[in-house]
Structure formats: C-alpha cells, structure tokens
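First residue of the sequence shown: 5, per our numbering; consecutive thereafter.
Since the hints were made in silico from the structure, they are not lab data.
Possibly wrong hints are sitting among the right ones.
[Claimed, not checked] Straight-line Cα separation of at most 25 Å, SDA-like style, residue types lysine to any residue; simulated pairs: (1) Lys28 / Leu43; (2) Lys31 / Leu49; (3) Lys38 / Gln18; (4) Lys31 / Asp45; (5) Lys31 / Gln18; (6) Lys38 / Val19; (7) Lys38 / Tyr51.
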Amino acid sequence: MTALEQKIPTTTMQVYTHTMQQLKMAKLQYMARKNIVTLHDRDFLEYVVMEASQ
Numbered sequence: 005m006t007a008l009e010q011k012i013p014t015t016t017m018q019v020y021t022h023t024m025q026q027l028k029m030a031k032l033q034y035m036a037r038k039n040i041v042t043l044h045d046r047d048f049l050e051y052v053v054m055e056a057s058q
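Please work from the sequences and hints to get the whole structure.
The following block contains the structure:
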C-alpha cells in the first residue's frame with residue numbers, strides 16, 4: 005500500500021464528517037423555518053431537491 009492509499013480513508017472520513025455536520029445543521033434550520041418537529045433525513049433531502057428544482 006502506498007502512502008497516498010493510506011491517507012485516502014482518513015481524508016474521506018474527515019470530509020464525510022464535515023458534510024454530515026453541515027447536513028444536520030441545514031436540516032435543523034429547515035425544520036425551524038417550516039415549524040416541523042420530526043423529519044427523516046431521506047424526506048429532508050427530497051424536500052431540498054424539490055425546492056432547488058423549482
């Protein structure tokens with residue numbers, strides 16, 4: 005395994021963690037804006053895509 009191959013999983017995990025934090029914050033902001041108490045991630049993503057396409 006090369007040095008680059010050893011770094012890839014760590015970098016991927018850091019990016020994934022950062023992206024998930026951003027997604028959770030965006031979801032909370034969306035829920036507050038729309039006055040929603042519970043919302044599944046898949047439903048949130050569907051709403052975001054639908055709003056973006058309009």
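task = Could you tell me which of the numbered hints above are not met by this structure, giving the numbers in increasing order?
result = 3, 6
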